[in-house]
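**Q** Throw the hints in and build the complete structure from the sequences for me.
Anchor point for the sequence shown: position 64 equals 64 in the UniProt record's numbering, and the numbering is continuous, going up by one each time.
Bear in mind the hints are in silico, worked out from the structure with no lab data behind them.
Each residue gets a CB set at the ideal place from its N, CA and C atoms; glycine is no exception.
It is possible that some hints are incorrect.
Said to hold, decoys possible - In silico PhoX-like links for lysine-lysine, alpha-carbon gap of 20 Å or less: (1) Lys189 / Lys233; (2) Lys172 / Lys334; (3) Lys334 / Lys283; (4) Lys320 / Lys309; (5) Lys288 / Lys334; (6) Lys29 / Lys61; (7) Lys38 / Lys8.
What the hints assert, rightly or not - Distance windows between CB atoms, simulated: (8) Pro324 / Asp92: 26 to 32 Å; (9) Leu335 / Ile213: 22 to 28 Å; (10) Asn82 / Cys261: 28 to 34 Å; (11) Asp190 / Cys261: 27 to 33 Å; (12) Asn312 / Lys288: 39 to 45 Å.
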Amino acid sequence: MKKNITIKDVAKQAGVSISTVSRVINDSKPVTDEVKQKVLDVIKETGYIPNPLARSLVTKKSQLIGVIVPELSDSFVNEILNGIEEVAKMYDYDILLANTYSSKEQELKSINLLRAKQVEGIVMISWLVDEDQINYIENCGIPATYISKTARDYDIYSVSTSNEEATYDMTKYLIDQGHEKIAFVMTSKDDTCLERERFSGYSNALKEHNIEIDTNLVKRGGTTYETGYTCMKELLDEGVVPHAAFVTGDEAAIGAINAICDAGYRVPEDISVAGFNDVKLAKIYRPKLTTVFQPLYDMGAVAMRMVIKMINNEPLESKKIELPYQIVERESVKLRK
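**A** So, in structure tokens, the structure goes:
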């Protein structure tokens, strides 16, 4: 069995002290170029990997950032994670991932776990962040940024898009396509800042076009395929057949499409459907989903950059960053004549 190379072995082979090897690895105190090169050559030759815990004790930095997610299998979360990981690598950080399965209790346990692992910062992705999580992280003294439906309800560092404007624009787009009876399916049952903004965008677009708001067309569900299916099935079972359905989550929108088809209607010939986020599934499902593009990769990248700036005490221009959106026209919306 191959022997594990230790810092003591490197020091012995390089003919220097252990403390000198430590200085070279951590760049903590100056050593001569000749000695530094000798140590680096031995490290390369032996394949020695420094102990990250021991290194953190010297540098006082773990180079770890914790990332808390509500559901690892969710495509919305996956695309945000890509941006988080890319920026972490750029700045030589590793991420520790904690999946909470949308459990508040598990979120608090995850914060404790990451704290025990000595993370330098946290990116919290949560469907519904609240004061318990925020206060707990703040009391731990860990810099944190948030991506959450409820982030704008609090004075915290967060990344999002202009949800009210995006919802208004998509509703207006559907109206411009000749649709007046527009179902609106929100992906949360809670009265959050996000849902209030989105309903405001929806209702303002209707009012500006002299379309009366019909509460029978409004449903509150969740982000999953199943909740989208259920909400649309309920509408159709109630005898409410809209011209179009605007579902504020792509997976839920695809669930709605299947509920429409199972009820004997066609998309978009009978009922048009629009989504929100523009996850990968929206581009490959048939019919391809018309949706609001939300820059999920960029949201993750910006959130990670924010927390790294906080760790390094660099200035931040704003606590709340809103990124641009775009209406993406595909196959699931048709002009109604």
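**Q** Of all the hints numbered above, which does this structure not satisfy? Sort the numbers upward.
**A** Nothing - there is no hint that the structure violates, so all of them hold.
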